Amino acid sequence: MSTLPPHIERILNLARWAPSGDNTQPWRFRVIAGDHVRVLGHDTREHCVYDLDGHASQMAHGALLETLAIAASVEGLHADIRRLPEQPEEHPVYDVRLNARPGLRPDPLVEYIETRCVQRRAMSMRPLEAGHRRDLEASVPGYRLVWFTGLAERWRVARFMAANAKNRLTMPEAWPTHSSIIEWHARFSQDRIPDRAVGVDPLTAHLMRWALGSWRRVDFLNTWLAGTLMPRIQLDLVPGVRCAAHLVLLASRPPVDVDGHVAAGRALQRLWLTASRHGLYMQPEMTPVIFSRYVRAGQTFTRVEAVNARARRLAARLEGWLGVEGAQRVVFMGRLGYGPAPGSRSLRRPLDQLLLGP
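Residue numbers 0 to 357, in numbering that gives the first Met the number 0, belong to the letters of the sequence shown in order.
No lab work stands behind these hints: they were computed from the structure. This structure is a prediction, so every number in the text was calculated from the model and none was measured. There may be inaccurate statements among the hints.
Claimed, not checked - Quick list of the computed label-pair ranges, beta carbon to beta carbon:
{"id": "1", "residue 1": "Ala-121", "residue 2": "Pro-84", "range": "22 to 30 Å"}
{"id": "2", "residue 1": "Thr-299", "residue 2": "Val-240", "range": "28 to 36 Å"}
{"id": "3", "residue 1": "Gly-325", "residue 2": "Gly-33", "range": "39 to 47 Å"}
{"id": "4", "residue 1": "Gly-338", "residue 2": "Glu-85", "range": "44 to 52 Å"}
{"id": "5", "residue 1": "Val-109", "residue 2": "Glu-324", "range": "35 to 43 Å"}
{"id": "6", "residue 1": "Val-323", "residue 2": "Ala-99", "range": "44 to 52 Å"}
Every residue, glycine too, gets a C-beta built ideally from N, C-alpha and C.
Make the full structure from the sequences, and use the hints.
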């Protein structure tokens, strides 16, 4: 670590706090020179049903690159970023050149890079302030936000999310992810989600830990003991109502390649940091976005036909809310509110674990 130029170390130490699905951190850094860094990305499409065509990981790459650019501004440096076209999309490489810009001011969002986090539990139902809403909309130029704010709208979205959660919890293809992403008996985790941040009560967490030991246990609970009921109430229905709003982030046109999803990730990070600036917490609600993409692509993503059928119905419901063309432009869904602050959260791998040799 001591061999890194100090300004590069400071930039990368902030950049690594970018969000990623289930805290996977699908990136590594290679420092070429004091003004030259390469970000080596990867995706999880081969083993994670939630990473269709690597899109979720590509959005995480975008969040990382935006965070890096914000961190560089503190050093008076502008980050010129391009993806190397000769690399396969499963392992994209982003070339970052850091150029001095006289008069460049630090991006004010830098203060919120390390404090931005996910709140999965119920939040305040205090209405979203008009000025905060305007700032959130202004933070994503070229994108549009669709809001669901009133109690009736939040209840409608909460039920929709709970129905999507039933798909998530009853498909065996999701079990490998669910069984590996939680660090049990933990308040913080460097590479997973600590169980105290999941958002369920201790008894449900204890039962979850036992059940996730095998798919047979999960299937038994779901079939005979209504195993999805309490998680969906605690993780979807109650939090879905107890918040300020749900939001949908729409791109100007459907992203069709790596660069489109990277750009969406950069916009999402600015949105999330702006929310943090105003004391707002956010939780991603990406299951319907991902499963709807499978439906539109005509891809069967589970051997459970009831789940495929439910996914088709839910995709149609999303199209009913946003229109067919609007549903194709969705890059993010989430809920946000004014706290309370989570008492547990994911951390990040230390920088020395993310650095590769020259």
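Checklist entry - Is the distance from the Cβ of Gly-325 to the Cβ of Gly-33 consistent with 39 to 47 Å? => result holds (45 Å)
Next on the checklist: Just to be sure I understand the hint, the distance between the Cβ atoms of Val-109 and Glu-324 should be within 35 to 43 Å; is that true here?
Outcome noted: holds (36 Å)
Item to check | Hint check for Glu-85 and Gly-338 - Cβ pair distance inside 44 to 52 Å | outcome: This hint holds: roughly 46 Å between Cβ atoms.
Checklist entry - Between Thr-299 and Val-240, does the C-beta distance stay in 28 to 36 Å? => result holds (33 Å)
Next on the checklist: Within 22 to 30 Å: is that where the Cβ-Cβ distance between Ala-121 and Pro-84 falls?
Outcome noted: Given range 22 to 30 Å: violated, Cβ gap about 45 Å.
Item to check | Supplied distance hint 44 to 52 Å, evaluated on CB atoms of Val-323 and Ala-99 | outcome: holds (47 Å)
Hint compliance for this structure: hint 1 is the single one not met.
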